[in-house]
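Colleague: If you want the building blocks of each chain, they are given just below.
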Amino acid sequence: MHLDDLYRQVIMDHYQHPRNQGELDGGIKVDLKNPSCGDEISLRLKVEDGIVRDVRFQGSGCSISMASASMMTEAVKGQPVDKVLELNKAFRAMMKGEDVDPDELGDLEALHGVSKFPARIKCATLAWQALEKGVQEPRQ
Amino acid sequence: MNVLEVRKDFPILQQQINGHPLVYLDSAASSQKPRQVIEALKHYYETNHSNVHRGVHTLGSRATEAYELAREKVARFINAPSAEQVIFTRGTTESLNMVAYGYARAFLKEGDEIVLTPAEHHANLVPWQQAAKATGATLKYVPLQPDGTVSLDDVKQAISSKTKLVAMAHVSNVLGTINPVKEIAAMAHQVGAVMVVDGAQSVPHMPVDVQDLDCDFLAFSGHKMLGPTGVGVLYGKRKWLDIMEPTYFGGEMIDVVELYDSTWKDTPWKFEGGTPIIAGAIGLAAAVDYLSDIGMEEIRQHDHRLTAYALEQLKSVEGVTVYGPEDSRQRCGLVTFNLLSIHAHDVSTVLDSEGIAIRAGHHCAQPLMRILKVPSTARASFYLYNTEADVDALVASVRTAKEFFQHALG
Ligand SMILES: Cc1ncc(COP(=O)(O)O)c(C=O)c1O
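Chains as they are written, first to last, in this note's numbering: chain B, 547 to 686; chain V, 5 to 414.
Only chain V is shown next, with the shape it has when bound in the complex (with noise of 0.2 Å):
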C-alpha cells in the first residue's frame, strides 16, 4: 500500500487548518471519506435514485439492485455465510439495541446474567443495562487486568450457566486493545450463551470473519470504516434473527397486513422497516469495495505499525502517561494519554491550533475513565491514510503543548 497514493483518493486532507496542513488522527470517531465513495453516492442520486422493493419502473429496479447488492458486498467482506443476514441500520448503537430488544428482551429473564467488560462503549452497555431492568437478568462485569486488558480466567469466571449473552468489543474504542473473542464465543456458547460482539473499532482495521470468530452478533459502523455517516450493519447467525421480531413495524417490512394483524417478511428485510437507507448502503459498498482492493491484512500491519511508532514516541516525551497494553501486538490502531496533569481539552486544543485533531473526553467509556482514575483523556487513532509524519507531528505538538502550559502556569 501506498499510503502517499492512498491520501490523494482523500479530497479533505489536502486543507490547512489554523494555518497548518491537516493532521487527521481522529478516524477511531469517524473516518474521512476516499473519493470513490463520495463519487458512488453522487452516482447513485445521479442517475439510480429511487425507492428500493416497491416500483416496477427501471429506476426502482436499479436501486433495488444497487442495494441489495451493497449487501452481498458487506457479507462477503465479513465473510457471512448468506448476504441475508446482513441488516442495515444506523449504525452501531442502533444494531446492538436491535439485539437487546429483538433478542435479550424477548429471550431472557429474571436470574439470567449478561456479561460484559466495564470498558464497553455506552453503546455496548446502556442497551444491556435497560434489558437487565426489563427482564429481571442481572449484568456481570469480567474485571479489567491493570493494562486494560482482559483475561480468558476472568472471564471463565465470570460465565456460568446463568449466562446467557455475552457482549464484548473486538477492539476498544480507548484502549485499541484486541480482545480474544473468538475464544470467548466459544465459552459462550459451551454454556448456551450468544456472543454478541461489537465491531465498530475492529472491522474498519483488521480482516474480521464472523464464521471464523463464531460470534452470535456482529455490529459495526460505515462511517468508521470510509463509508457515509447514518449507515451500519447487524449481521447474525441465522438461527437468531429467523426468530428475533422486528423492532420497528411498518412499511417495507411486513408480508401481509390484515386489520387486525399483519405478518412479516424474511430476514433481513423484516428488521428494515420503512424506506431503507439505500444510499448509506450503496457509499458503505464503495467503502468495502476500496479497503478490499487494497487489502484488510495490509491496512492492519499499516495501522499497527503506526500504533507501535507513536506509543514509543509519545511515552518518550517526559510526562506523557500511555494507557492500555505496553505490548503493540495487543493493540489496535489508537493510542490514548494524558500529558502532565493538564486536561485533554487543554492539550487538544493546542494541537488543533497546529492542525491536528485528536479526540479529548471520555471516549463514550465513563466506567473505565473511573477504573482509569482520569477525568478524560487524549486520543490519537489511525487509518489507511496516516503516516509516520502525521505521528511526528503530533508528539511535536504534544510538546508543544507542555512547553506552553509549563510557561502559562509558571
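Extracted from the complex, chain B is given alone in its bound form (with noise of 0.2 Å):
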C-alpha cells in the first residue's frame, strides 16, 4: 500500500483546483451525505434531450471526496444520460477493485488507487452517487 497509488498528481489538482464548481440556476438539486464521516456534497444538474447539459457541485470533504467530485463532473458534462449511467458503473466496478477498461474511464482512471484503501472509498463514490440518483430524477 503506498500513498503515492492513492494521492496521484491528478487526484490532487483537482482537489486544489475543483472544476464545475458552484451553483446551476435551476436543474435537479441533490444534497448528500456520508453520515459516517461527514462528507458533503451538493450536486447541480441540467439534463436535456436526454443529454447532461451542465453539471456544478459544492461540497466539503476529504480531498479524494472532493476530487473525485471534480473528476466526475468532467467527465459527465456533455454526456447522454445512457453514458454516464455506463460511466457511473464502470467507475464503481472500478471502486471494488475489477477489471475495469481504461479506455472507458479515462481520467478517472487515476482513482484507481482508492480500491486499495477500503475505508476511502465511500469517500470517492459519494459524488456518483448524488449523480446517479440526480439523473434518474424525473425529468424537469
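Calculated from the structure, these hints are not laboratory results. Incorrect hints may have been included.
Said to hold, decoys possible - The list that follows gives simulated cross-link-like pairs (lysine to aspartate or glutamate, EDC-like), each with its CA atoms no further than 16 Å apart: (1) V:406 to B:550; (2) V:186 to V:157; (3) B:623 to B:600; (4) B:662 to B:550; (5) V:377 to B:586; (6) V:166 to V:114.
Because the structure is a prediction, the values reported are computed rather than measured.
Join these two chains into a complex; the hints should help.
Modeller: In C-alpha cells:
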C-alpha cells in the first residue's frame, strides 16, 4: 500500500483546483451526506434531451471526495444520460477492484488506487451516488 | 503498572499493519481485549454454557451462577449499593434509551425541561430529543466555554424548577474534558431532577463510584473497557428502577403471565427480557477483574501521563490545532486535533499507512463539530497498553503527513 497510489498528482490537482464548482440556476439538485464521516456534496444537474448539459457541485470533505466530485463533473458534462449511467457502473466496478477497460474511464482511472484503501471507497463514490440519484430523477 | 507486561496480554497488539508495528490509538472507539477476557469467553462456551434462570440441570445452574456473579463484580466495580441495580444491556446506547423510555417518556410532561450540553455523543442526545418530542418537554443546552469545558455557573443558570432530568457525559468523547458531574448531580437534586451520567468514556479510565457521584443513572459499554462487544450496563437508583416499566417484554422478565395481563420480575431482571447477554456479561466480569487487579487509579494516572505528553508533543508541531482545554488535568485519555486544513481522513490514511490507528470524523457529535466549526477532526485515544513510544510514533507520523501533503499540494 503506497500513499502515492492513492494521492496521484491528478487527484491533488482536482482537489486544489476543483472544476465545475458552484451553483446552477434551476436544474436538478441532489444533496448527499456520508453520515459516518461527515462528507457533504450538493450537486446541480441540467439535463435536456437526455443529455447532461451542465453540472456543478459544492461540498466539503476530504481530498478524495472533493477530487472525485470534480473529476466526475468533467467526465459527465455534455454526455448522454445512458453513457453517464454506464460510466457510473464502470467507476463503481473499479472501486470494487474489478478489471475495467481504462479507455472507458479516461482520467477517472487516476482514482484506481482508492480501491486498495477500503476505508476511503465511500469518499470517492459519494459524488457518483449523487449523480446516479440526479440523472434518474423525473425530467424537469 | 508495567506497560510492557500489560501489552503481552493483548494478542492483537503483536502484529504489523502495512509493514509497521500496530500502534493502536483508537481505544475511545473500542478497546482491545486481553487474553484473560478472551479465555473467559472460551472457557464459558467450552464448559458452562446453557441458558440461565431456566433449566434445573447442572449447566443451567453454572451459567446462571456465572452470569449473576458477573453482575456482582460489576456492581462492586462502580460501588453500586447492590447487584440488583446493575442491568446488563447491549451498551451505552441501549442503556440511555432505556432511561429515555422507562423514565423520561413515562414521567416527563409538557413544560418540563431536560438539561444537557451540545457536546454530548449522539447516544446521549437523540434519545432525549425523541423523549422531548413524545412528551412535550423541552431540551435546554448548557453552553460550552470556548475551550469546551462546562462551567458550573452556566449549569446553575440552566437548571430551574422546570428541570426534571439532567444528562451529561462524565468525560467527553471528543474533547476528553472531565465534567463535574458530582456537583451537577447535587444541583439537579436540589430541584428534584434526576442526573443521568454517560460513563462510556469515564468508567474505562478512572475510578467511578456511583454513590460518591450520587447520580441517578450511569450508562457505560463493555467494549470500551476491555470487555466484549454487545454488552454494557445501566446502573440506576433503586427507587427509580422499581417504578420504571420494562422496555422489552417477553421471556425471562415475567413473573406471572395470564392471557390478558402479566406481571414482571423484580429489578434488574424485569429489564432483561429474552435470553440475556450471558457470555458478554461473563467477559465483562473478566475485564473488570483485569482492570481491578491493576487498579483504576493506576490506569487513570497512566492515561493522564500519556494524554499530557501527547498534548505537549502535538502542540510542538507547527500547523497542528488541538481542541479542548489546555490544562491536561481537565482531560482524560484522548487528544483531538487537526493538521493545517488537511481533512482528518487524509491525515488518518497517512497514519494508517504507518500502522497507526486513530479515529477521524465527527465522532458521533455533529452539534459539537458545528461549534468547533470543523467538518471533522482526528482523535488519538490512549489506554493502559499504550506507551510514550506510541505517542512518539503518532507525532512522527503527523509530521510525515504534513510533509506529504505540503509536497503533494505543491
Ligand atoms: C461518550 C459516549 N457516549 C456513548 C457512546 C455510545 O456507546 P455504544 O456505541 O457502545 O453504545 C460512546 C461511544 O462511542 C461515547 O463515547
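Colleague: Next, verify each hint and record whether it holds.
Modeller: Hints, one by one, checked against the model:
Taking the CA atoms of residue 406 of chain V and residue 550 of chain B, the gap is about 15 Å. The hint holds against a cut of 16 Å. Restraint check for residue 186 of chain V and residue 157 of chain V: satisfied, since their Cα atoms lie roughly 14 Å apart, inside the 16 Å limit. Only pairs whose Cα atoms come within 16 Å are accepted, and residue 623 of chain B paired with residue 600 of chain B is accepted, the gap being roughly 6 Å. Using a Cα cut-off of 16 Å, the hinted pair residue 662 of chain B and residue 550 of chain B holds, with the two alpha carbons roughly 12 Å apart.
For a cut-off of 16 Å, the pair hint linking residue 377 of chain V to residue 586 of chain B stands: about 15 Å separates their Cα positions. At most 16 Å may separate the alpha-carbon atoms for a hinted pair to count; residue 166 of chain V and residue 114 of chain V meet this at roughly 10 Å.
Violation of the numbered hints given earlier is absent; every hint is satisfied by the structure.
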